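Just so it is clear: in the sequence shown, position 45 is 54 by my numbering, and no numbers are missing.
Read the hints as simulated data drawn from the structure, not as lab findings. Since the structure is predicted, the reported quantities are computational estimates derived from the model, not experimental observations. Glycine included, every Cβ here is placed at the ideal spot set by N, Cα and C. Keep in mind that the hints are not guaranteed to be accurate.
Claimed, not checked - Restraint-style ranges between C-beta atoms, simulated for each label pair:
1. Lys91 - Arg71: 19 to 25 Å
2. Asp53 - Asp77: 43 to 49 Å
3. Ile25 - Phe85: 54 to 60 Å
4. Val54 - Ile24: 38 to 44 Å
5. Asp53 - Thr81: 27 to 33 Å
6. Thr61 - Ala92: 19 to 25 Å
7. Glu52 - Gln73: 15 to 21 Å
8. Asn84 - Ala33: 54 to 60 Å
9. Leu31 - Asn84: 54 to 60 Å
10. Val54 - Ile93: 38 to 44 Å
11. Glu90 - Pro57: 27 to 33 Å
12. Leu17 - Trp55: 46 to 52 Å
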Amino acid sequence: MHSRQSSLNVRMAFIILLFSMLVAISDSFLFGNRNYIRFRRPEDVWEPPFRTILCDNNFPIRIQINADPEETCRNFMNQMEKAITYNQ
Numbered sequence: 010m011h012s013r014q015s016s017l018n019v020r021m022a023f024i025i026l027l028f029s030m031l032v033a034i035s036d037s038f039l040f041g042n043r044n045y046i047r048f049r050r051p052e053d054v055w056e057p058p059f060r061t062i063l064c065d066n067n068f069p070i071r072i073q074i075n076a077d078p079e080e081t082c083r084n085f086m087n088q089m090e091k092a093i094t095y096n097q
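Sequences are here, hints too, so could you generate the full structure?
This is how it looks when you write it as structure tokens:
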């Protein structure tokens, strides 16, 4: 009974060791053998092409980065007024 339990422990230790070696080898092949800490330049950092603004303190809308927020809010509120008057 004791010999069967010890052989099971040895087998499990071997499987765990084999799996951890496989993970380490595949990680080094996928990502290369380099330092994992990378300092980015400011121009390398990705910025989303949209931002969220609050129109009339009630309506959050997403606009493009280079869009004018005041003009976009004005157009949005005009469309909202047209939609409200159209539905009535």
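Against the structure, the hints come out as follows:
1. Distance hint for Lys91 and Arg71: a CB-CB separation of about 20 Å, consistent with the stated range 19 to 25 Å.
2. Under the hint 43 to 49 Å, the C-beta atoms of Asp53 and Asp77, about 28 Å apart, miss the expected range.
3. The hinted window of 54 to 60 Å between Ile25 and Phe85 holds, with their beta carbons roughly 58 Å apart.
4. Remark: the range hint 38 to 44 Å for Val54 to Ile24 is upheld by a beta-carbon distance near 42 Å.
5. Taken as a hint, the range 27 to 33 Å holds for the pair Asp53 and Thr81, whose Cβ atoms sit roughly 29 Å apart.
6. At about 21 Å, the beta-carbon gap between Thr61 and Ala92 stays in the expected band of 19 to 25 Å.
7. The supplied range of 15 to 21 Å is met by Glu52 and Gln73, whose beta-carbon atoms lie about 19 Å from each other.
8. At about 56 Å, the beta-carbon gap between Asn84 and Ala33 stays in the expected band of 54 to 60 Å.
9. For Leu31 and Asn84, the Cβ-Cβ distance of about 57 Å falls inside the hinted range of 54 to 60 Å, so the restraint holds.
10. At roughly 41 Å, the beta-carbon separation of Val54 and Ile93 lies within the given 38 to 44 Å, and the hint holds.
11. Separated by about 29 Å at the C-beta atoms, Glu90 and Pro57 satisfy the suggested range of 27 to 33 Å.
12. With their beta carbons about 50 Å apart, Leu17 and Trp55 fall inside the hinted range of 46 to 52 Å.
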